[in-house]
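*Asks:* Starting from the given sequences, assemble the full structure and let the hints guide the process.
Sequence lines, in order, name chains A and B.
With the working numbering applied, the first sequence closes on residue 186, and no number is skipped along the way.
With the working numbering applied, the second sequence closes on residue 190, and no number is skipped along the way.
Hints listed in this document are in silico derivations from the structure and should not be mistaken for laboratory results.
Ideal placement from N, C-alpha and C gives every residue a C-beta, glycine not left out.
Be a bit skeptical, because a hint or two may be false.
[What the hints assert, rightly or not] Pairs of lysine-lysine residues, derived as DSBU-like cross-links and limited to a Cα-Cα distance of at most 30 Å, are as follows:
hint, chain 1, residue 1, chain 2, residue 2
1, B, Lys52, A, Lys52
2, A, Lys52, B, Lys87
3, A, Lys52, B, Lys103
4, B, Lys103, B, Lys87
[Said to hold, decoys possible] Partial list, computed: chain B residues near chain A (C-beta under 10 Å):
hint, residue
5, Ala126
6, Ala157
7, Phe159
8, Thr169
9, Leu181
In case you want the letters, here they are:
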Amino acid sequence: MDPTAELRERNELLERIGTYVDQHGISAVTLETLATELGISAGRLEEFFHTKTELIVALIARNRIALRTRFATLDASMDADAFRRVMWDFYVETASASRLFFEVYGLALADEHYGEFLHGINDWLGMLKESLTRRGVPGDRAEAFATLTLAVYRGMMMDLLATGERPRINAAMELWFRAATALSEP
Amino acid sequence: MTRPVDVQSRAALLERVTGYVLEHGFADLSLRPLAVAVGSSPRMLLYHFGSKESMVTAVLRAIRERQLAVFEQLRGSQLPTPVAVCKAAWAYMTQPQVGPMLKLFFETYALALRKPEAFPGFLEGAVEDWLAFLSDPIGNSGGGREEARARATVTLAMFRGFMLDYAATGDHERIGRAIDLWSESCAQQT
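*Replies:* Following this line, the structure appears as structure tokens:
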């Protein structure tokens with residue numbers, strides 16, 4: 001099989017696996033049930049993903065790429081406040097990706113097989129920092145600001161997924177946007 | 001009616017079960033290895049707790065009570081501002097002996113998002129207890145109840161995000177600087 005077709009099949013599988021995991025959660029997933037669900041043999045599935053861990057890591061990587069792509073596209077074209085708002089909208093739109101993130105995070109704290117996931121947990125802290133530096137925030141402050149931003153987005157998503165209380169969370173985000181604007185000023 | 005000696009031994013057992021869960025988590029909890037570890041038997045566990053589900057509920061309640069006791073303690077020390085509260089909570093949460101509780105918290109949070117009915121009261125407690133605690137000192141600085149809750153929501157989100165970062169990276173220094181930056185921004189507002 002030529003490599004392009006192979007890659008396409010992998011991506012298609014990953015897409016469908018994402019939908020399945022989104023509905024059922026990761027603890028319920030086994031390679032066998034997943035193969036049945038996808039209508040392929042367990043052997044074929046294992047050619048793409050040797051273990052469940054590998055599969056979950058691939059799903060997370062796919063979500064990370066989506067986030068980073070969105071980030072890079074928007075960052076270049078918007079002012080800081082609009083950008084913060086659009087990123088928040090993106091988080092809310094892709095709430096299931098956050099849920100998967102928290103699920104894998106929970107597993108990773110207990111299971112060293114997911115070590116790779118924990119290492120990559122702040123991989124877009126660098127992008128965030130760079131973006132802030134470009135917008136005139138001094139270097140040392142930019143890292144702290146990026147850490148703060150990431151904490152707020154993640155914490156708000158934890159709250160939203162648990163309570164679904166949009167009005168309270170929206171009001172809180174408005175406070176954050178205001179604070180972030182004040183922090184950006186030299 | 002339960003005899004007093006039963007109440008006592010149930011409390012002692014709950015203490016040990018809670019210790020075990022803090023170490024091993026809820027994800028693969030099964031009665032047999034748990035019973036061995038706490039020096040009991042599956043039959044005794046079921047006798048005292050009724051079912052595995054109600055045992056989980058009892059453990060969650062025990063952990064929540066510990067948390068509320070910490071809040072009481074922090075409140076008792078009359079911390080004046082959200083920043084002071086956040087810094088005190090940060091100092092408390094980064095103690096090595098709190099590590100297992102933190103891990104268990106995030107693990108349970110994820111499981112409960114998927115299956116809330118298996119962890120009764122957990123998500124409500126994880127958000128509401130904290131909002132109630134945090135909006136108390138913040139409410140003192142003026143503004144209505146909604147405003148106080150919105151502020152508490154930001155503080156909680158930040159704090160939770162910091163703890164998530166910390167449990168994964170252990171980067172005390174970087175996160176500490178982020179907390180300082182936020183303190184600065186709070187000071188500007190008032």
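*Asks:* Hint by hint, note whether the structure agrees.
*Replies:* So, going through the hints one by one against the coordinates:
no., hint, result
1, Lys52/B x Lys52/A, "holds, 27 Å"
2, Lys52/A x Lys87/B, "violated, 39 Å"
3, Lys52/A x Lys103/B, "holds, 22 Å"
4, Lys103/B x Lys87/B, "holds, 20 Å"
5, Ala126, "holds, 7 Å"
6, Ala157, "holds, 3 Å"
7, Phe159, "holds, 7 Å"
8, Thr169, "holds, 6 Å"
9, Leu181, "holds, 4 Å"
When held up to the earlier numbered hints, the structure conflicts with hint 2 and nothing else.
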